[in-house]
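Given the structure of chain W, go ahead and fit chain R onto it with the hints provided.
2 protein chains.
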Amino acid sequence: MVRLNCALALLGAASAAMATTVWPLPEKFITGSHNTAVGTISISAVNSTSYVLKNAISRYTGIINHESFLAPVDYRQGIIQTNGQLGGLTVAVDSTDETLCLETDESYVLHVPENGQATLKAHSVYGAVRGLETFSQLISANGYARVLRNTPIYIEDRPVFRHRGILLDTSRNYFPVKDILRTLDAMSYNKLNVFHWHIVDAQSWPVESKTFPQLTANGAYGPNMQTFIRYAKDRGIRVIPEFDVPGHTYIVGMSFPNIMSCMNKQPNWSKYAAEPPSGQLNIAKPESIDFTNRVVREYSKLFQDQVFHLGGDEVNRNCWNEDPYVRAYLAAHPGEDVEALLVNFYARVHSYLEVLGKTAMTWEETLFHSNYTPSKDTIIQTWIDEQSIPKTVAKGYRSIASPASSYYLDCGHGAWLSDFDGNSWCDPFKTWMHIYNFDPLANITIPAQRKLVLGGEVALWAEQSDETVLDSRLWPRAAAMAETMWSGKVNADGHVRTTKEVASRLHTQRFRMVGRGIGAEPMQPLWCARNPGNCDLNE
Amino acid sequence: MVRLNCALALLGAASAAMATTVWPLPEKFITGSHNTAVGTISISAVNSTSYVLKNAISRYTGIINHESFLAPVDYRQGIIQTNGQLGGLTVAVDSTDETLCLETDESYVLHVPENGQATLKAHSVYGAVRGLETFSQLISANGYARVLRNTPIYIEDRPVFRHRGILLDTSRNYFPVKDILRTLDAMSYNKLNVFHWHIVDAQSWPVESKTFPQLTANGAYGPNMQTFIRYAKDRGIRVIPEFDVPGHTYIVGMSFPNIMSCMNKQPNWSKYAAEPPSGQLNIAKPESIDFTNRVVREYSKLFQDQVFHLGGDEVNRNCWNEDPYVRAYLAAHPGEDVEALLVNFYARVHSYLEVLGKTAMTWEETLFHSNYTPSKDTIIQTWIDEQSIPKTVAKGYRSIASPASSYYLDCGHGAWLSDFDGNSWCDPFKTWMHIYNFDPLANITIPAQRKLVLGGEVALWAEQSDETVLDSRLWPRAAAMAETMWSGKVNADGHVRTTKEVASRLHTQRFRMVGRGIGAEPMQPLWCARNPGNCDLNE
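The listed protein sequences correspond, in order, to chains W and R.
The first sequence begins at 2 in our numbering and counts up one residue at a time.
The second sequence begins at 2 in our numbering and counts up one residue at a time.
Heads up, some of the hints might be wrong.
Pairs count within a copy or across copies, as identical chains cannot be separated in the list.
Derived lysine-lysine pairs resembling DSSO-like cross-links, with alpha carbons at most 30 Å apart [claimed, not checked]:
1) K266 to K501
2) K272 to K501
3) K286 to K266
4) K179 to K266
5) K396 to K490
6) K234 to K29
7) K452 to K501
8) K272 to K234
9) K272 to K359
10) K179 to K272
11) K29 to K452
12) K359 to K302
13) K396 to K452
14) K359 to K392
Since the hints were derived computationally from the structure, they do not count as laboratory data.
Just chain W, with the same shape it has in the complex (with noise of 0.2 Å):
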């Protein structure tokens, strides 16, 4: 397909300043020993009947046009020399379907010449999709100019995980439209896929309901959640909502307090949920199972990701047993139990989203801490023990890792209860090197079980974020988890990366992301992100 010349060779330690520039590093390299002059740039597709697609090219085309790139490594960088002439991009693909879902195949082939036309190749419109961001991250600043370093270069590139995702909490407090399309965008520059939206929680619903307008007193997510969609769509991005039942759902009682147990106890909300304000829906009434019901179905039309996630975790059995309405009708049928509840409860749900003909994603507790046996295509997802993980596939369940020890962005910013003044619960903060060495596939060795790993979400729970922190918070440590879930942590030949030799191309993508607008924090001083190699601990 591709004819590679004699000039090429894999990318190995030796060609690493190459490897400084593309962020997830792409699973085969090869680069020559040329430098590419680029013009404004053409991108066009040989089949463009897909939105999609035609969408990215214009959205690459002016990235690319508009950038002005140089890595802080190559500050002290004169005037290169070029060999060829960049004449164009022609994007590719074998089939225009726009279908986005866990089996997407995201894998591209690009070849840039030393000169003329380069190609993208792709099976789907999304492989394109990363292609271009591969593509957009090969060309930096040349002076006043741009350049291809390197030329001819040749890529083959494909996920090692198929879902690598970010969750976002907008209960706790509220993030406005643009900053989320502003994570959407920075995802798409580090070719994450699955945008988890923790949309509801105790503090607030700030989603628009039509089944059940009064959960949405204090502003919401109205009609621009379709265009919010879309958007992630076009960057390849699934968008799999979670409304978190039965726990998490004081704001449901509100609007539905007959439904509700252990409403805002105080000031002992301890021992009712894990954060005030409490609440559980009353899983005692049949009014509760029908108001999840109709929620899910109202969202499940909204939000077309094959996923749905129902939440489950941190459910306050205390709650319940204190419940005047569950105790009288426990008493009114012996032989069942607050567990028989749950379960009945976690079954008509579950049951009722397969009708829907949806694919439930839950927290571990459903799985492990409770009676109740989900199906096996449920996709469960673990945070409270990194052990979940093998456990969970162990089971023959598929597993999404988040681990809150590696994972939890939030983490690390001390307790934010008024009158306490410790450390919070999962210090502490994961640095990125944290993120970057958590391994989840450790402790997996049957091949069948490994495949059971889906992949991974890093997760930024809300109680102390908001827009004035979101970019910082999540950037770029998700980066360093999404090259972990893209490449994986190992190389073609075996070597697995380290921290230490990944930091310089961090900091380029660090600082390209800054350029194109998101407020990543810093990861050093800059002397140590334009002099790789010495501020390392070295022991």
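Just chain R now, kept in the frame of chain W:
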């Protein structure tokens, strides 16, 4: 001077609602039971020859007439009926002298009647600046109009500590001028009065030098420096520059390698410096002293404040012990040693600063970890140990409290060396509650020694900070210190304020700052800000 009517009552727990609007808390705060309508504000000065005062009046006229602020706790508030109409505000100062120093009087008296003209009286123009901030915080939105609640209001106010500062490190990473100016705005909203500019360090020298133009190879604060100092003065903020010698000076060696020791030792930099790159002025060379004194001479003119900070922290003896030139010098001068050279260096530099008419400020190592004896008017800034404060004043020195354990705002984001995924040396993160609970007068009982504690500074070291996180790292945590510095920790009735009882008022201040364009990070879920007392641990 001001006639109080019978409707006035001393602020106590019962009128806490009123107190929610002003941060930091005024010393004496008497409120009534009326509500006064506020139209477009006109502020006039009785004696207006001071540009500081004129500029402040212009600034606050703009802020007040554009602001429409409702505290989160008041979000359910309907339209308040008013009983009177504010006529305007008249400002009178006893003196139009614009001298700004440690001894500047910042007291003021503010009277807002239920109807008619409000008056603000102060001894100095800077007292008027503080009173204008308070006045602006008394006004809140009332539908599409504005209102002063609980009038008449009588406030007598003055700071408990005279030195209330923020240290910003602009060397590890660069901060654009506009971001520093915004920081000065934010400081004035919290009545902070010292901007400690840690302007240079090992990694860069971002301030123009006419004496040594070669120091600023990579961009520097240049002609805008005067604008900057004037901007600070207009807000009653002193600018104290720090030129840290003899350690933390690698960047000097990039221009003057001949006066340096242990330049960028790799990979074992940790034997020579607290962080890379290592490099200290060679104290065996008279040229080092000459260089330092010429730096001091130039910048002590540029920065007009009485106080000049000479650094002196984290000096590494091993750097000199292994230096060939130092070793040869000591071999040729029996009886001398590294410690004697250091004492000589300090003596020469400090005495030259004295000749220039300035007061020295240094880090605590100069006093506690060297054989040098600073002159008694040296101001000692402590950071290593909270007990260094009582030790400093016990020796008869004036103390500025900056304990890393409470006041270092950069801590808690993990270590930043590329190959180490552990914690930062000063973990954990310092929450606003932890900062508020710190008492700089702890363990100091003798009144004369308590008076030697001039105040404190929170510090933002910038290894992991730049403009992307400036606002969120500083605020609202610097505001927490600001109140303990302005209002002390104890009410007039002896009650020690708790974080639980001030949380709602700090939420108000945080949201007010966000409204004024300061990206202060959120303290809690919005629900907590709106429902005070519901997000406490209650243990």
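Inset, instruction - Indicate which option fits the pair K452, K501 if close means a Cα-Cα distance not exceeding 30 Å: within, between, both or neither. - result: Result: close within a single copy only, 29 Å intra versus 49 Å inter.
Inset, instruction - Evaluate K266 and K501 at a C-alpha cut-off of 30 Å and name the case that applies: within, between, both or neither. - result: between (49 Å within a copy, 18 Å between copies)
Inset, instruction - Since the copies are identical, ignore which copy is meant and state whether K359 and K392 lie within 30 Å (CA to CA) inside a copy, between copies, both or neither. - result: within (24 Å within a copy, 68 Å between copies)
Inset, instruction - Please work out whether the CA atoms of K179 and K266 approach to 30 Å or closer within one copy, between two copies, in both situations, or in neither? - result: Result: close neither inside a copy nor across copies, 36 Å intra and 46 Å inter.
Legend entry - Status of K234 relative to K272 across identical chains (alpha carbons, at most 30 Å): The answer is neither: 42 Å in one copy and 52 Å across copies each exceed 30 Å.
Inset, instruction - Pop the pair K234 and K29 into one bin, within, between, both or neither, using alpha-carbon distances up to 30 Å. - result: within (26 Å within a copy, 58 Å between copies)
Legend entry - 30 Å Cα threshold - placement of K501 relative to K272: between (45 Å within a copy, 20 Å between copies)
Inset, instruction - Have a look at K396 and K452 and pick one of within, between, both or neither, based on CA distance no larger than 30 Å. - result: within (13 Å within a copy, 68 Å between copies)
Inset, instruction - Measure nothing new, just compare the shortest in-copy and cross-copy C-alpha distances for K396 and K490 to 30 Å and report within, between, both or neither. - result: within (25 Å within a copy, 56 Å between copies)
Legend entry - Homo-oligomer pair classification [K359, K272; C-alpha up to 30 Å]: neither (34 Å within a copy, 60 Å between copies)
Inset, instruction - Evaluate K29 and K452 at a C-alpha cut-off of 30 Å and name the case that applies: within, between, both or neither. - result: within (22 Å within a copy, 68 Å between copies)
Legend entry - Homomeric proximity label, K179 with K272: Cα distance no greater than 30 Å: Neither, since 38 Å and 48 Å both go past 30 Å.
Hints 4, 8, 9, 10, counting from the list given before, are not met by this structure.
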